[in-house]
Amino acid sequence: MMIWFGAGLLLLIGATGAAVVCTRNVTNQVLALGFYGLLLALMFFVFQAPDVALSQITVGAVALPLMVMLAIARMRFRDRARSAAQGSSSSEGRHD
Amino acid sequence: MTERARNSLFFIAGGVLLFLYAYAALNLPAWGSYRGPYGDAIARVAVYERHVTDIVNAINYDYRGFDTLGEEFILFTAVLGVSMLLRKEEGALKRPASRLQDDAGLSAAVRAVNLPALLVTTVFGLYIGLHGQLTPGGGFQAGVILATGAVLVYVCENTGAFRRITSHALVEITEAFGAGGYAIIGIAPLLAGLPFLCNFIPLGTTGDVFSSGTIALISACVGLEVTASFVLVVYIYLQEIIAGAFPEED
Numbered sequence: 003m004m005i006w007f008g009a010g011l012l013l014l015i016g017a018t019g020a021a022v023v024c025t026r027n028v029t030n031q032v033l034a035l036g037f038y039g040l041l042l043a044l045m046f047f048v049f050q051a052p053d054v055a056l057s058q059i060t061v062g063a064v065a066l067p068l069m070v071m072l073a074i075a076r077m078r079f080r081d082r083a084r085s086a087a088q089g090s091s092s093s094e095g096r097h098d
Numbered sequence: 029m030t031e032r033a034r035n036s037l038f039f040i041a042g043g044v045l046l047f048l049y050a051y052a053a054l055n056l057p058a059w060g061s062y063r064g065p066y067g068d069a070i071a072r073v074a075v076y077e078r079h080v081t082d083i084v085n086a087i088n089y090d091y092r093g094f095d096t097l098g099e100e101f102i103l104f105t106a107v108l109g110v111s112m113l114l115r116k117e118e119g120a121l122k123r124p125a126s127r128l129q130d131d132a133g134l135s136a137a138v139r140a141v142n143l144p145a146l147l148v149t150t151v152f153g154l155y156i157g158l159h160g161q162l163t164p165g166g167g168f169q170a171g172v173i174l175a176t177g178a179v180l181v182y183v184c185e186n187t188g189a190f191r192r193i194t195s196h197a198l199v200e201i202t203e204a205f206g207a208g209g210y211a212i213i214g215i216a217p218l219l220a221g222l223p224f225l226c227n228f229i230p231l232g233t234t235g236d237v238f239s240s241g242t243i244a245l246i247s248a249c250v251g252l253e254v255t256a257s258f259v260l261v262v263y264i265y266l267q268e269i270i271a272g273a274f275p276e277e278d
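Protein sequence lines correspond, in order, to chains X and C.
Sequential numbering from 3 applies to the first sequence in our numbering.
Sequential numbering from 29 applies to the second sequence in our numbering.
If you're looking for bench data, these hints aren't it; they were derived computationally from the structure.
A couple of the hints might just be wrong.
Covered by chain C, according to a simulated footprint, are these stretches of chain X (three or more residues, beta-carbon under 8 Å) [claimed, not checked]: (1) 6-14; (2) 47-53; (3) 60-71; (4) 76-85.
Glycine is no exception: its CB is placed at the ideal position from the N, C-alpha and C atoms.
Only chain C is shown next, with the shape it has when bound in the complex (with noise of 0.2 Å):
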């Protein structure tokens, strides 16, 4: 097919694309309506039953916790995969003469950058993570937003702090105390006649921090396992560049 062939083939189906996506635009149903029962009936009930604000976290974290414990124990699984593919090779490690270098050094801008983008970061991914019941949040984005800050050590080029922090045992024993504290939270209300995952903690006043049993537990929970299931995943890929060796295949 010739170059021209080919682009008036793309108009023509971008034309062709281009209507039917119009079409489809006018006749969408209005813009913020919701059909279908779930959605309201949850949204009705689940303030006054579960005393949170942010119903998707009532619905993570308590309606289908089931569904998250599950999810929780994909990304545990995850990390235990990473960390057995990519894990070191003890005694073959073979260091290169001269100590290797990135070519760029770090301007003037991100070193200053640097440690008030930490300070933020960490205070932020605290506030989503204990707010997690009340706004938009909870444990997971804040895990995330909390692994950020280890990784912004290391683009400081503080490497040293970096290790200090990443490479404890500490980590790991904060990933296995957030996968395992969501089951024992589910488990405990079984000790008393209760269902799994039951909401057996008092559910408190709504809107305030400590507020809503078991949810602000949970995403407690899940906000430590994902900190330390990222960066742990970090320090497993950077290892071999912090150390400044590789190592040997043949």
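Okay, chain X solo, but in the shape it has when bound (with noise of 0.2 Å):
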């Protein structure tokens, strides 16, 4: 019963992967990173490892996707101010 669980979970952890690769948008695929990090913390502490679950919540969850979006704000940021700087009107230089 439970090496269905199991089975089943690896399965969906597949298919969460596969839509990460498939996302286009950076912010949803970041999103979908950290939604794919949750799933694997839910498989390792199925599979009986509590600690690396937690890891994998600090790491996968939180730190990695926390990592991507800070670098995506620090490059629209400075996208924004470029334009903004040189002071035309058509400045909504976005970079998705």
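Got two chains here, separate frames each, mind docking them using the hints?
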């Protein structure tokens, strides 16, 4: 019984991994990545490794998406600041 | 390849994979079974030898403490690299004429939840960090949880408070203290003629917060180091946005 629950969970993780790759918008992709990290944590917990699950939550579902988000925020800020400094009226330069 | 051929190829491959997957799942070892002597051996002796109830942390911070020391310095070096790459170029900062604002303001719900979330996060992080020797957790996880507290302050749009917390030299000192503390705890027993990273502090009662000797102490050091380095990285990334200025390139 538990074997099949674990097997189903692994399949779900595979599908989520594919979804992360298929998501094209970067911001949405980071959210998908965080969800993927949470599922991995759940898998570790189901397979009786609570310590690793906790590490996975902190790294995979918090730290990694956070770092990517911060990098995106910084790039967007530079884009917007640069176009604002140039003073052109059509200054909604966005890189998604 | 046409769309149709590609789809049929995918479904055939998916069907084969599903069959093989079910076959593999049927032939897995029984749920929770463990082959190999080391896990059982260490689970039997660790509670008596080190007075810990979380064996994983006994391995991380004591039996294989030397590995963890290396891992801690990997994080230290990574943070050093990020701060070097993204360092502020002095004197060349260009400030746009109008202050740049983010598009969306905060909703009332986010404002209401932010402070309680910050409190819960901090308390939970401290709990995880101080009980590493008793329950799953330890310094590394606690550090990341505590660092998210600083991010919550920023999310609350309180950039002034965020800067006061993070741009301090204290953060850097804490990081160095955490990383160096681990090494010092490792070297200290050498002075008494004991092996490197030997658990030389009295072990205390199993199940107490102040038990397990150096394990709890090393865990706390790692917690300090991880908290400080994550806060530092977040600040480095957000530096330009907080200042509202960016370096000139040409």
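Tested hints:
Proximity of the region 6-14 of chain X to chain C, defined as three or more residues with a beta carbon under 8 Å from a beta carbon of that chain, is established by the 4 residues found. Counting residues of the region 47-53 of chain X whose CB falls under 8 Å from any CB of chain C gives 3; the rule of at least 3 is met. Only when three residues or more bring their CB closer than 8 Å to a CB of chain C does the claim for the region 60-71 of chain X stand; here the count is 6, and the claim holds. For the region 76-85 of chain X, the stated coverage by chain C is satisfied: 6 residues place a CB nearer than 8 Å to a CB of that chain, which reaches the threshold of 3.
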